[in-house]
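Engineer: One-letter residues, chain by chain:
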Amino acid sequence: MNDSERYLEALSAFLDGELTGNDRERIEKLLQEDENLQNWHEELNRTRRVLRSTPALRAPRNYMLTPDMVGQKDKTNRAFPILRFASAFAALLLVLLFLGDLFVIPRPLLAPARSVQIAESIQLDEEAAVAEAEAFSVQPPDAPAELLMEAAPMEGEPAAEAEYDENISSSMDSSPTLEKSLPTASPFPVEEAEDILAGTAGTLVVGESEIEPESSSGFLEDESRSNVELRSYIRFAEFTLLIVALSSGIAAYYFFRRKS
Amino acid sequence: MDETGLIQDAQGGDLEAFNRLILAYQDRVYNQAFRVLGEYQSADDATQEAFISAYKSIRSFRGGSFRAWLLRIVTNACYDELRRKKRRPTTPLEPVDDEGDEIESPNWIADPGESPEDNIARGELANAIQACLDQLSEDFRVVVVLVDVQGLDYIEASQVIGKPLGTIKSRLARARSRMRECLQGFWELLPHSMRLES
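Top line first, the protein sequences correspond to chains E and V.
With the first sequence counted from 1, adding 23 to any position gets you my numbering.
With the second sequence counted from 1, adding 77 to any position gets you my numbering.
Taking CB as the label site, the calculated pair distances span:
1. V:Asp157 - E:Pro104: 35 to 43 Å
2. E:Leu120 - V:Asp91: 36 to 44 Å
3. E:Glu51 - V:Lys240: 25 to 33 Å
4. V:Phe138 - E:Arg47: 31 to 39 Å
5. E:Leu119 - V:Gln85: 47 to 55 Å
Source of the hints: derived by calculation from the structure; they are not laboratory data.
Even glycine gets a Cβ: it sits at the ideal position worked out from N, Cα and C.
From just these sequences and the hints, can you work out the full model?
Structural biologist: Shown next, in the form of C-alpha cells:
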C-alpha cells in the first residue's frame, strides 16, 4: 500500500468518524497543512454525500412467507377439512339415529299407559263378574219364592227341602270358584297385563287373589328392561353426536374464516 | 414493534411473527439486493430467497443487530445470484438498435418504488449512481452499499460480510475513490452542492 492509498483510507475513515486518538489528530494536522489532501477530502466528502442521497426504493411487493414456501405444513389447512368432515358425519349420524329411534325402536314409554288401561279393564270386568256372582248368590232369597211356587205342590216333602238347601249351599260354595275363573275368561288375559306391569309391580292383584308372575313373563320383562337401557344409550349417543357436530362445525368455521 | 419478541416467536416457529419482521425490513433488504445486483428481477428473487433462508435459519440468530444479520443473508443471496449469472450468462431482453447497441432499457428509466414526480426529479441521479455502482467489483460494491447507502457503521458492515474492520476501511476507501471518478461523468446530473471537480 503506497502513501496515497494510505491517506485515502485514512481520509475515508476520518469522514465516517472511525478514526480515534493519534490517527485522528494526525489527519487533522495534515489537512491543515496539505492543500492537495484538502481537495481529496472535499471530493471524497461530496462522493459520500451523493451516495448517501441515493433514494431508497420501496419493495415492489410484499415478501411475506407462506407455509408452502418454507416447507411448513399448515395446521389450519389440515384441520379444516378434518373438522368439516367430522361435523358433517356427526350430523348425518345424528339424523339417522334420531329417525331410527323415532320409527324402528319400540317405545316402552307407551307400555305403562297401555298396561294401566288393560289393568283397569280387567278390574272393571272383575267387578262386573263379582257383582254378577253376588247377584247370583243373592238370588236364593228370591228363588225360594219361585222354587216354593214350583215346589208348593210338594210342600211337606223334606227331601226336596233338603235338596234345595244343598243346592243353595253348593251354589254358594261354587261362587269362589267362579270368582277365580273369571279372569281367565276376560278378553284381556291376566298374563298380558302382568307382563306389561312387570318391573313396576312385580305381581298383579286381581280381586282378592295375588297372581305370581309366571315363568314366561321373564323374557318379556328382560326385553322391556333392555329397551329402556337401549333408549338411554341412544339418548346419550344423540347428545354426544350433537355436541361433536356443533363443536367441530364451529371450529371448522373458525379455521375457514382464519384461512380466508 | 417489539422486535425481540417477534424474533423469539419466529424462532419458536411462528411464521406470522416472522412475516411482521419481513414487513419491517423488506424495503431495506430489497434495496441492498437491487443496489448490489442492479436488476429488478434478480433483486426480487434474491430478496425472496433471503427471507426464506432467514426464516429457516432464524434459530441460529444469537442476538445483536437483526438488520445486519438480515443484510448478511441477502448479501450472500446476491453473491449466489451473481455466481449463477456468471455460470449462465443470459442475453438481455432490452431492445437493441440496428447497429446492435442497446436501447435505453425501461428498467433503467423506471423505478417502481417511486411516484412519477419523484422519479422525474431523482431518477436520473439514482440511475447515474447505480450505473457507477455496477462498474465496481462485487466486493467493493457490497461494502459501499452497506455503509453509504444502508448507513451501517464499520462494525456492522464487518459482521455482514464477515471480514475484519481493516478490510472494510480499505474496500470502502477504494470504492469511494472509484465512485468519485465515475460520477464525474454525470456531473451535470448532480445538484450544484454535490458537483465534483475533474
